[in-house]
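Residue numbers (our numbering), protein chains in the order written: chain W, 1 to 283; chain Y, 1001 to 1264.
Hints were generated in silico from the structure; no laboratory data involved.
A couple of the hints might just be wrong.
Under the rule of at most 20 Å between Cα atoms (straight-line distance), these lysine to aspartate or glutamate pairs were calculated in the EDC-like manner [unchecked claim]:
#, chain 1, residue 1, chain 2, residue 2
1, W, 52, W, 30
2, W, 52, Y, 1130
3, W, 52, W, 72
4, Y, 1206, Y, 1222
5, Y, 1206, Y, 1248
6, W, 52, Y, 1178
Non-contacting residues of chain W with respect to chain Y, defined by C-beta distances greater than 10 Å in every case (computed) [stated by the list, open to error]:
#, residue
7, 5
8, 58
9, 119
10, 126
11, 155
12, 167
Glycine is no exception: its CB is placed at the ideal position from the N, C-alpha and C atoms.
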Amino acid sequence: MALSRVDLGHGIGLRTRHFERFLAERPPVDWVEAISENFMAAGGRPLAVLEKVRRDVPVALHGVSLSIGSVDPLSERYLGALEALVRRIQPALVTDHLCWGSHRGRYLHDLLPLPYTEEALDHVARRVGRVQDRLGRQILLENPSSYVAFRDSTMAEWEFLAELSRRADCGILLDVNNVFVSARNFGFDPIRYLDGIPRDRVGQFHLAGHSDRGTWLLDSHGEPVPAPVWDLYREALRRFGPAPALVEWDDRIPALETVVAESRRAAAIEAEELAPALRRAAP
Amino acid sequence: MTLAETQALFAELVRRGPEADPAGLEACLAGTPGLPAAERVGIYAGMYLGRQVEALREEFPRLAGLLGEERFLALCRAYLSEHPSEHHDIGQLGRELAGFLRREPDPHRPDLADLAELEWTRSLAFGAAEAEAAGPEAFAGLAPEAFAAARIRLAPSLHLLHLGSGAASLWSALEAGEEPGPPLPAPTAVAVWRSGHRVLHAALGKDEARALAAALAGEPVERICAAFAGDPEPAAAAHAALSSWIEEGWVSRVEGGGTGGGEA
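So that you can see chain Y by itself, here it is in the shape it has in the complex (with noise of 0.2 Å):
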């Protein structure tokens, strides 16, 4: 056999195991009477899903969780034979869980996808870049006239999610060993940081959130700040999100409006 014809014919039987092709198997591959070939090629098509269901429940400890043992495989099983990995970093393969949750939604948890979403965006803030925490200077540095027209550059860890269900609420039930609820439609505006060496995610109001996707999307102070335009007391309901913002270490930095401000 040539080598490609070897490694097209090895690929399959880890794919699919031993039983995929036993007269190839037998016709290309040597075992001892103590450990027959079709054994042998069985040790790594157990490695090839072993290892990427570790992967996978490395990412999603508390989906896995969840789940329990068997219907995680399942699951796991079923995603990496329409997702079958792509990207040379088997940290990657993970990706796809969510939406492929979603177009096949657990009938018993629909949940599930947003559980998926938080716990991937938690794995994309642990890994994501590291960056300054500006204190509450950052706002005394630039000139009033200049306030409106600043913008805030958030840290390359925080994601800001909406999801469909309490999946935050399942993930912190999960997280402290507690039986979880039932699943029920609660949509949840959830940001996702990294605070050192430790992910943390929590529940937003709803004016916090339009603020934050405002922020996120590079808007000015000024708009941001209309996010909070409903509320009764509209100035201190903004100084209390851009404060808590602050402290959370979510603000990188401020960037002035272009008359008198500057960077802090």
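Excised from the complex, chain W in its bound form (with noise of 0.2 Å):
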């Protein structure tokens, strides 16, 4: 099968300290992501706030806490909150990342890297499947930003990324910045990664700040979005086609219409950089 795609333009990420004006203001984006496991309480305020929200523009709801790579047994009680949740909001992307987070039953609360084995290759294709199966669509897995790789493994990220897309059949949520992170923190090509990617299995772009610490980038999600970045984002615009884009901002969070701004950024870069395809391809 294909990936599903839907063009919804460009959004932001709905955050608690932004709910009061986002309601109040309605600014002006195309959709918004919602924090899944931020709107997970039953009959809580957030989810009422999602609701209010989902009246006017679709959502997608991006999960940090699937642990899709974790050995543990898939948790029953996230399951169920999800599924829950999607049946609720109806969200028009499911997203999570590839990476594990629990061990145990513990949670540690990030986004682990996983050895590019077959291995993992198949345990992590068949909990996809299993994840879709339970929820009755397509699921996107985002690359993480990573710092070590293991010896153990016998391929790119971006080559278990594309292999794990075509054999659970699922989508790729692309984080730009987090191949330029991981790029600089382990010396590839970003464009390496780019190419590596199956071009109809991207359905969702991501871009965010990102802090250099000397020897190593950090994913810190706490800046505008650097050149850089925007560069990149323009290779990915030129192989994959529009898909929707979400600047994050998650740390230091600033003001709604700085949000706003970088992603009103996005839509012109992205009507920049399609605009001459749409006009070669027009009689």
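These two chains come separately, so use the hints to put the complex back together.
Shown next, in the form of structure tokens:
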């Protein structure tokens, strides 16, 4: 099967500190992304806010705790909560990360890297299948930013992700900043990464800022998207075409208009990059 | 190594730092001359603690401010080693902190547990379900003979705390950037609730706290009003309290007492 792609436009993350202004002002964004775990409490106020927002714009549910790569059994509690949230919100996209974050029932609250081996590929593909069967829809997995590699890895991350998307019939949420960060941290060319990702599997883009720690980059989400990441986004657009794009801002979250402005910048860049292609395609 | 072995080792290194198993680390993980594997693992170990400390700071900002960086970090380390996260939502991380502080009290500030309980309750109020607030007509809709048996349904965000110290005053001092006073035993009842997007709390008198406890337990209005029996003017005191509850948006609805009563 192919990935069911939706073109939502350009969104922002729905963050607690913006709830009040978001509801009052309805900022000019095409869609919002909600961190799934923050809205799972049945009957809570965050869910009520999300339902109000959902009446106006599409929503993508973005998880951080599915722990798809963990050797722990998939959490029934988590899947049940996610399934209920999906039923209630009817999101345009359901996404999480190619990582693991729990071990022996304890959550490490991080997006930990996997060794890119056949064993891990089989394991993750089977679990993605189970999640998709449970939700009755495709999910998208995001490439994490990473800081360490495993000696046992037999393939590059992009090869693993590409094969996983084919084997499990899932989509890819391509985080452009994470490609940039990992490329710097491991010394590979980010263009090689983009070239290794199947064109028809990319269903969403993430953009974000990072911070330079001297010998490595931290995927910090606390600053504007830097120029090299915008440049890489242009490269991604040329390869994968338009896909819903979101600017993430999770640390030192600025005023709503600042985040909205970054999102509009992504829209403008998409228009610049894709307009020539559209002109060429026109009769 | 199998995937299971790899994750067991990595989890250990993240929780306890690269020094937990240097040989295993070198055998399993690859670095570069500019950034050796141990330093790379250290990034994850630092983020493991840092992310959880930040999550706790977000839920307990006044406690963190009172303790200062070093003592708050020490508290988080001790707490997390006894209460590693077992919930997928990092926002649930602090739910045992007040209890932990009661079991392991700070000798200089025994009121820290109360402050933590107040902050955690404020967080619960912030996330509680929304409900329409009833207006003064809620009681007017009742037939006079149904008044005594009517029951008050309160806003889901409303909580009543019984604290052993003046943690509410301590919170206010910290909020205002004032130097906090010394901890003193001061049994206080505190109501915590949300108004619009703001979380508020207020200390209650003994009678009103008893009345609110009765209302939260679903007792009928006559039992709620009985809390003011010791007041020189019990009817006026009960009326003033119930009116203020309506005014603050604590009351979602009043359910009739069976004979002629109705929902307002």
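Cross-check of the supplied hints:
For a cut-off of 20 Å, the pair hint linking residue 52 (chain W) to residue 30 (chain W) stands: about 15 Å separates their Cα positions. With a C-alpha separation of about 12 Å, the suggested pair residue 52 (chain W) and residue 1130 (chain Y) falls inside the 20 Å cut-off, and the hint holds. Restraint check for residue 52 (chain W) and residue 72 (chain W): not satisfied, since their Cα atoms lie roughly 35 Å apart, outside the 20 Å limit. Taking the CA atoms of residue 1206 (chain Y) and residue 1222 (chain Y), the gap is near 17 Å; set against the 20 Å cutoff, the hint holds.
At roughly 19 Å between alpha-carbon atoms, residue 1206 (chain Y) and residue 1248 (chain Y) fall within 20 Å of each other, so this suggested pair holds. Our distance criterion of 20 Å between C-alpha atoms is broken by residue 52 (chain W) and residue 1178 (chain Y), whose separation comes to about 39 Å. The beta carbon of residue 5 (chain W) is kept farther than 10 Å from every beta carbon of chain Y, the shortest such distance being approximately 28 Å. Look at residue 58 (chain W): its CB is around 23 Å from the nearest CB on chain Y, clear of 10 Å, so calling it non-interface holds up.
Here residue 119 (chain W) does not stay apart from chain Y, with its beta-carbon only about 5 Å from theirs, under the 10 Å limit. The claim that residue 126 (chain W) is not at the interface with chain Y holds, since no C-beta of that chain comes within 10 Å of its own (minimum 12 Å). Taking the minimum C-beta to C-beta distance to chain Y, about 14 Å, the non-interface status of residue 155 (chain W) holds against the 10 Å cut. Distance to chain Y confirms residue 167 (chain W) as a non-interface residue, since its nearest Cβ pair spans about 16 Å, more than 10 Å.
This entry does not satisfy hints 3, 6 and 9, going by the numbered hints stated previously.
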